[in-house]
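K.L.:
Go ahead and model the full structure; you've got the sequences and the hints to work with.
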Amino acid sequence: MLPTPNSLTPSRALLLNLFVVLALTGCTPAAEPPMRGPSEVGVLTLTPQAQTVTSELPGRTKAWLTAEIRPQVGGIVQQRLFTEGAQVKVGEVLYVIDPATYQAAFDQARASRAEAKAALDSARLKATRYTELVKLDAISQQDNEDAQAN
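Just so we're aligned, residue 55 is where the sequence shown starts under my numbering, counting upward by one.
No lab work stands behind these hints: they were computed from the structure. Note that the structure is predicted; figures quoted are calculated from it, not measured. In this text, a Cβ means the ideal position worked out from N, Cα and C, and glycines have one as well. One or more of the hints may lead you astray.
Said to hold, decoys possible - Restraint ranges, calculated between C-beta atoms of paired labels, are given here:
(1) 138 - 97: 52 to 62 Å
(2) 134 - 176: 47 to 57 Å
(3) 183 - 134: 50 to 60 Å
(4) 115 - 144: 20 to 30 Å
(5) 164 - 115: 46 to 56 Å
(6) 163 - 204: 51 to 61 Å
(7) 166 - 118: 43 to 53 Å
(8) 142 - 115: 15 to 25 Å
(9) 174 - 197: 49 to 59 Å
P.N.:
Here you go:
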């Protein structure tokens, strides 16, 4: 006889019984573990105090105010008396410039002054002489006026 799909064979019945037994054993409530005492914990007492907060961040700075430092006169700079980036005061000497060119210009001006003074003295003497000569009619009035104008 052929088994029908709804018929229960002994091996199927055994499997079914085994499954039911296992399912019922798994449904029994488990015993609760015994109660334990309170857990140990650590305790900290907090006290307020000043704390410095610092942060290191990458970045680049740029001066918001810059001053261009340069000499007020031209010439060959012999020495720089300040450190770049340092603060300087008003009137502080910043550079030493080669004095040779200024000394030469000063000496030339002094010589020109002496030459002009000599020319002035000569013109005064000539004007004085011409004043006397015009009275004697030795020179023309025009020459006398020219001498007085110079």
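K.L.:
All the hints need checking, so say for each whether the structure fits it.
P.N.:
Taking the hints in turn, this is what the structure says about them:
1. 138 - 97: 52 to 62 Å: Roughly 59 Å apart at Cβ, these two residues keep to the hinted range, so it holds.
2. 134 - 176: 47 to 57 Å: holds (49 Å)
3. 183 - 134: 50 to 60 Å: Given a distance of about 59 Å, which is inside 50 to 60 Å, the answer is holds.
4. 115 - 144: 20 to 30 Å: Roughly 26 Å apart at Cβ, these two residues keep to the hinted range, so it holds.
5. 164 - 115: 46 to 56 Å: At roughly 52 Å between Cβ atoms, residue 115 and residue 164 fall inside 46 to 56 Å, so the hint holds.
6. 163 - 204: 51 to 61 Å: Since the Cβ atoms of residue 163 and residue 204 sit about 22 Å apart, the hinted range of 51 to 61 Å is violated.
7. 166 - 118: 43 to 53 Å: holds (50 Å)
8. 142 - 115: 15 to 25 Å: About 21 Å separates the Cβ atoms of residue 142 and residue 115, which means 15 to 25 Å holds.
9. 174 - 197: 49 to 59 Å: violated (19 Å)
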